[in-house]
Amino acid sequence: MTKHQEHTDKTQAGEALIRHWFRRSLAIILGIGSIAAGTGWYLSRDTTPAVTIEEAIVSGPVIEEGAQPETPPTVIFRDITRAAGIDFVHTNGAYGDKLMPESIGSGAAFFDYDNDGDQDLLLVNSSWFPGHEQDTTPTLALYQNDGSGQFADVTREAGLAINCFGMGVATGDLDNDGWTDLYITTLGENYLLKNGQGHFTDITTTSGTAGQPADWSTAAAFLDIDNDGDLDLFVGNYIQWSREIDLEIDFRVTGLGRAIGAPNHFFGTTNRLYRNDGQGRFSDVSQAAGIVITDPVTQAQTGKALAVAPVDYDRDGRMDLFVANDTTQNFLYHNLGEGQFEEIGALEGIAFDRNGKATGAMGMDAAYFRNDGDLGIGIGNFANEMSSLYVTVGGQPPFADEAILEGFGPASRLALTFGLFFFDYDLDGRLDLFQANGHLETEINVVQSSQTYAQAAQLFWNCGSACRGRFVAVAGTGDLATPMVGRGAAYADIDNDGDLDIIVVQNGRRAMLFRNEQSLGHHWLRVRLTGNTANRNAIGAVVELSVGGVTQRRVVMPTRSYLSQSELPLTFGLGSANATNELHITWPDGQQQMVPVPRVDV
Numbered sequence: 104m105t106k107h108q109e110h111t112d113k114t115q116a117g118e119a120l121i122r123h124w125f126r127r128s129l130a131i132i133l134g135i136g137s138i139a140a141g142t143g144w145y146l147s148r149d150t151t152p153a154v155t156i157e158e159a160i161v162s163g164p165v166i167e168e169g170a171q172p173e174t175p176p177t178v179i180f181r182d183i184t185r186a187a188g189i190d191f192v193h194t195n196g197a198y199g200d201k202l203m204p205e206s207i208g209s210g211a212a213f214f215d216y217d218n219d220g221d222q223d224l225l226l227v228n229s230s231w232f233p234g235h236e237q238d239t240t241p242t243l244a245l246y247q248n249d250g251s252g253q254f255a256d257v258t259r260e261a262g263l264a265i266n267c268f269g270m271g272v273a274t275g276d277l278d279n280d281g282w283t284d285l286y287i288t289t290l291g292e293n294y295l296l297k298n299g300q301g302h303f304t305d306i307t308t309t310s311g312t313a314g315q316p317a318d319w320s321t322a323a324a325f326l327d328i329d330n331d332g333d334l335d336l337f338v339g340n341y342i343q344w345s346r347e348i349d350l351e352i353d354f355r356v357t358g359l360g361r362a363i364g365a366p367n368h369f370f371g372t373t374n375r376l377y378r379n380d381g382q383g384r385f386s387d388v389s390q391a392a393g394i395v396i397t398d399p400v401t402q403a404q405t406g407k408a409l410a411v412a413p414v415d416y417d418r419d420g421r422m423d424l425f426v427a428n429d430t431t432q433n434f435l436y437h438n439l440g441e442g443q444f445e446e447i448g449a450l451e452g453i454a455f456d457r458n459g460k461a462t463g464a465m466g467m468d469a470a471y472f473r474n475d476g477d478l479g480i481g482i483g484n485f486a487n488e489m490s491s492l493y494v495t496v497g498g499q500p501p502f503a504d505e506a507i508l509e510g511f512g513p514a515s516r517l518a519l520t521f522g523l524f525f526f527d528y529d530l531d532g533r534l535d536l537f538q539a540n541g542h543l544e545t546e547i548n549v550v551q552s553s554q555t556y557a558q559a560a561q562l563f564w565n566c567g568s569a570c571r572g573r574f575v576a577v578a579g580t581g582d583l584a585t586p587m588v589g590r591g592a593a594y595a596d597i598d599n600d601g602d603l604d605i606i607v608v609q610n611g612r613r614a615m616l617f618r619n620e621q622s623l624g625h626h627w628l629r630v631r632l633t634g635n636t637a638n639r640n641a642i643g644a645v646v647e648l649s650v651g652g653v654t655q656r657r658v659v660m661p662t663r664s665y666l667s668q669s670e671l672p673l674t675f676g677l678g679s680a681n682a683t684n685e686l687h688i689t690w691p692d693g694q695q696q697m698v699p700v701p702r703v704d705v
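Here the numbering used here is used: the first residue of the sequence shown is 104, the next is one more, and so on.
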């Protein structure tokens, strides 16, 4: 028996013990009981909104829960990648040895790097493995948006022609200077890149955020863990990996031979939490904060993180962290205050699936998709595993996996899902759900006839509470029906027409940019917050908008999906309503603000 086989046996024993107590705690709990072009609406953290206030006349209820048809509206997403000026092709480094890192990259970020009011696009690239370099040198890629959805490659001018085995990205204004900075996760040491008015400088070494050379970092997020007004940094790490370990494990699939290794054959690792100390410097507080999690039997580190969703799930004013782990239990780091976290994923019902088993968890997002007080955590899983949808009950934890009840579980079973996020693609006021899919094995169809390497993305329309299942699978229309080797995925309004467009990064292939061409006549409101006493990005703020007796709740959070970041501005679909009264804002520091809405479609 090899060292790795022995580790696997012990880890399975530890997970079995956790599952036992998960089931027991669950039993105890159950026993007890018309589109117009707009410029966006920018709000400041000031008491007085930074807009001209006009009297708004409210017309009619619009979002009528309980009387919705079960047929999704026809909305076309068009592949405009080349026409928009995006020529990025992902390099995965594959040369024949079937190494794990070649299979899971990479991510993307929509963010306004030059502060001109529109969403630019960063695409993370991987690279060649040592000894197998080719003629080209892959780098990150930054595309500048001209405001109409046309992009120009400004990678070199912006100082981002960085060659690394990149995985993911996080965006955030780390020093509250009004310019969004970048954190790039890699196979190896990571990069913290400070935005100096559109040009990025590597401050990794002085900031103390590189991690270790042996790390394999994946998901990352900027958030304010201590409500001190600046953004701290969470970094998710995957497995303990090296080429030698990978070849020693020598994972094989009957009919294919050597294949991409399963993560349960590798040692887990630990995530990292960096506290922002100001002046561009951070302290690693992972151990002291309770971020390091070990197996109860082996005492080995158990994290195998691929996604993170920061959200204040219990509404105590402190940001918590949900972490999707691949083939081991998911984590919920509950923020206790004073810089302390407690991992309570099993207690709160998100550690395992409904059968008490860990899943191959990939992408993740959090949202109030029912337009009530219940928070949903969506997780994309491996092929032949349904995606998960953990939901609170009556606005309170613990969570229950309601993927089947809400309709999208069975339809997601066959797909291998990486990117996953909630967004309102038809602007009807209800959050829909998107999944980017694609397998790891290029020849998987040889041994599993139901599987293919490239897989179509999936779009689920939120039908509301009147439907048998809230999420209705949308038949493949337009270019979203194109099979893709999907990995990272994100959304933004790239052309300022009010609806949300999609980027999907393919592994080893070209990225694909899809323009939302919906023409349903629905109205909308876009809101961007600027913090003064809170962090400048207002990350963690909660914004509520009521129309026709229905309250939509959105959280300002770019970290969504898989290895990716979506835009900071919030989009509220209004359906046929042409006006609304006011917004209610809860800022990250807890302050409340009511803001009148002068007009919509901006």
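Honestly, I wouldn't trust all of these hints.
[As the list claims (entries may be wrong)] Quick list of simulated restraints, FRET-style, between CB atoms:
1) Gln694 to Gln390: 31 to 37 angstroms
2) Met697 to Asn266: 17 to 23 angstroms
3) Asp417 to Thr177: 24 to 30 angstroms
4) Leu439 to Met697: 40 to 46 angstroms
5) Arg259 to Ser386: 32 to 38 angstroms
If you are wondering where the hints come from, they were derived from the structure by calculation, not from laboratory data.
Yeah, the Cβ is synthetic: ideal placement off N, Cα and C, and Gly gets one too.
Consistency of the hints with the structure:
1. Gln694 to Gln390: 31 to 37 angstroms: Cβ of Gln694 to Cβ of Gln390: about 32 angstroms, so the range 31 to 37 angstroms holds.
2. Met697 to Asn266: 17 to 23 angstroms: violated (49 angstroms)
3. Asp417 to Thr177: 24 to 30 angstroms: violated (40 angstroms)
4. Leu439 to Met697: 40 to 46 angstroms: Check failed, 30 angstroms falls outside 40 to 46 angstroms.
5. Arg259 to Ser386: 32 to 38 angstroms: holds (33 angstroms)
In summary, the numbered hints that this structure violates are 2, 3 and 4.
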